[in-house]
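In case you want the letters, here they are:
There are 2 protein chains.
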Amino acid sequence: MNTSAGIVSAQHAVFDTPFIFKSGAVLLCYELVYETYGVLNADKSNAILVCHALSGHHHVAGYYADNPNNVGWWDTMIGPGKPVDTNKFFVIGLNNLGGCHGSTGPSSINPETGKPYGASFPVVTVEDWVVSQSRLANLLGIRQFAAVMGGSLGGMQAMQWSLSYPERVRHVLAIATAPHLTAENIAFNDVARNAILTDPDFHGGNFYEHGVVPTRGLRLARMLGHITYLSDDAMADKFGRSLRSGKLGYNYDIEFEIESYLRYQGDKFAAYFDANTYLLMTKALDYFDPARDYNDNLDQAFAAARADFLVLSFTTDWRFSPERSRTIVNALLHNRLNVSYSEISSAHGHDSFLMQHEHYHEVMRAYLNRIAGEFSS
Amino acid sequence: MNTSAGIVSAQHAVFDTPFIFKSGAVLLCYELVYETYGVLNADKSNAILVCHALSGHHHVAGYYADNPNNVGWWDTMIGPGKPVDTNKFFVIGLNNLGGCHGSTGPSSINPETGKPYGASFPVVTVEDWVVSQSRLANLLGIRQFAAVMGGSLGGMQAMQWSLSYPERVRHVLAIATAPHLTAENIAFNDVARNAILTDPDFHGGNFYEHGVVPTRGLRLARMLGHITYLSDDAMADKFGRSLRSGKLGYNYDIEFEIESYLRYQGDKFAAYFDANTYLLMTKALDYFDPARDYNDNLDQAFAAARADFLVLSFTTDWRFSPERSRTIVNALLHNRLNVSYSEISSAHGHDSFLMQHEHYHEVMRAYLNRIAGEFSS
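Residue numbers (numbering that gives the first Met the number 0), protein chains in the order written: chain L, 0 to 376; chain S, 0 to 376.
Same shape as in the complex, but just chain L (with noise of 0.2 Å):
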């Protein structure tokens, strides 16, 4: 049986009504990317929008005619037969404003200067997001959506969705989340930051000029963020202290192999993420925060909502424990909202998420078939 969501490709909304930020910062026009998968029903109840993670963007899932080895970052997901069955869905996947992949961001061209964004992109938040993707909604005729999902920041715009919209979404799946980063969490953030903007080729955000690129300060940031991804169990089964070349080398060449593969990630990442988007998505992290808005009392901040959730989350996630999604959990609970929640046993930490997982696609694949029955296909 066939379960690729096949051939895609990606679509852009051009979008000429200002868009005003939460900082008050104005964009007077800006485009969207976006991919489909599965058809729309009649009365438009099947539609499913899928929020992206720090690095994520619009491919979720299926390949590309001229590039069939380009698969969507969640197609073990998604797909006709998947957990998310495109049969039954009609699957939304877009790049978030600020990012890299097509959507407008600080690499775009600013119209009204001729020159790149840069510095001058605003800082976006988790609830510009969702406003954005509200009204890319709008465009493809969604009033509400069966299921708004997502992992990680990802699982953030999922639940903000229930917030600013509570009419718009029947369900949210929040997975590998949390109500707002911790100290320890925001500090990774501002380091793996600072990494870039300290990058003498960074200038300030505006490199593309420079005709350079900070690589360096890329690479470090995604080396952190890669060992906070991973488990301390799953690092040792996979590296352990296996020396590369089998002996000690006495010199700062690779010689451990979670060096190489830590290196190889941040060259690989480094190649092609905008640095501004970096900052941005980190930034958008930082800030969510819904009880802020409540005294810090994310009982209030759920009161809006009125969605049924799905939770999950990973035992081995230290980045966004089991134990911040449990906080969610008594949140939506104390409002008397359907939630159901789920602690999967994994060892992979918090790419978890992303990975094919018997037990945690059977979650999800109950939970979806019962959002099908709400509607007729």
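Derived from the structure by calculation, the hints contain no laboratory data.
All of these numbers come straight from a predicted model, not from anything done at the bench.
Hints may be right or wrong, so weigh each one.
Note that identical chains are pooled: a pair holds if it fits in a single copy or bridges any two copies.
Result set (DSS-like, lysine-lysine): computed pairs, CA atoms no more than 30 Å apart in a straight line [unchecked claim]:
#1 LYS267 x LYS246
#2 LYS237 x LYS21
#3 LYS246 x LYS21
Chain L is already provided as a structure; the job is to place chain S on it using the hints.
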């Protein structure tokens, strides 16, 4: 009661016998800077060697006449009437070979070239340090230490003493340490090293000649280090999500208190610590692995040991978790050695070993009193 070791002053020991490193590299002559507290008894049986961790040095207790605010880094632990009672013990602190506080290291002048060693300074291992420390003991006429003690990387040196010179140490006090680094530990070190190595001001380790310092890299390394020294909970308690100005700034200036703290720590460290020494220290950590030569069998690695051991860990230390200490304890017990183990309940993570903590100090005091009972003062 005065419990300060009082006014102390650094002493220099000059060694003109060539030092052969584990790597095979040779240093023709070198100096070690050290301090002593208390009085060596007639049969020289009351000496304790204190080994320092990554950023430590020889100034362990007391203060300097010309700078009374410069108090030793373990002054809470060591002094008259303190857990390491200098009325009973003769305590030695030294700056390790490769350091940047007075002992010969990368920033010292190489007499053969008239220029700083820089990148040519050999990579040092824990085993090398223990050899260099034994030469200092010889110079001071100390045949056998009552105890060798240290926390973190210092604890590794204390353990190595029992393996390299089983007859020269009666007690090993290994605090907040591990039998080797995990892949995750190495990964953090690798990111820190890469921050320094890729700083354009590093100049391949020979930055001295260029009149610059790789401040950016050192700063990042220290910021990252600090995250791993603290616990998630301690950071949450101390900083939480407090904003410095009370509101979001929507820019990349310091916003959260935790950012302010980290950057301050980074700046302070980068202003005085030598980048090459930082690299050497992290390599020594990565390399320490006494079981490597015994097919990863730690029991066999400790077969040569004769000392009694006090092993201490701290509940919230995720850099060197209690589990790592228990691994050491088990290996020692399998060799029928005398072992005391205590897991101290502390909120302060890895940094706990440097702090004044009642239960911790009580355990240390009790164990050291027992040692003091073994010799005539």
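Right, here's what the structure says about each hint:
no.: 1; hint: LYS267 x LYS246; result: within (26 Å within a copy, 36 Å between copies)
no.: 2; hint: LYS237 x LYS21; result: between (43 Å within a copy, 28 Å between copies)
no.: 3; hint: LYS246 x LYS21; result: between (54 Å within a copy, 13 Å between copies)
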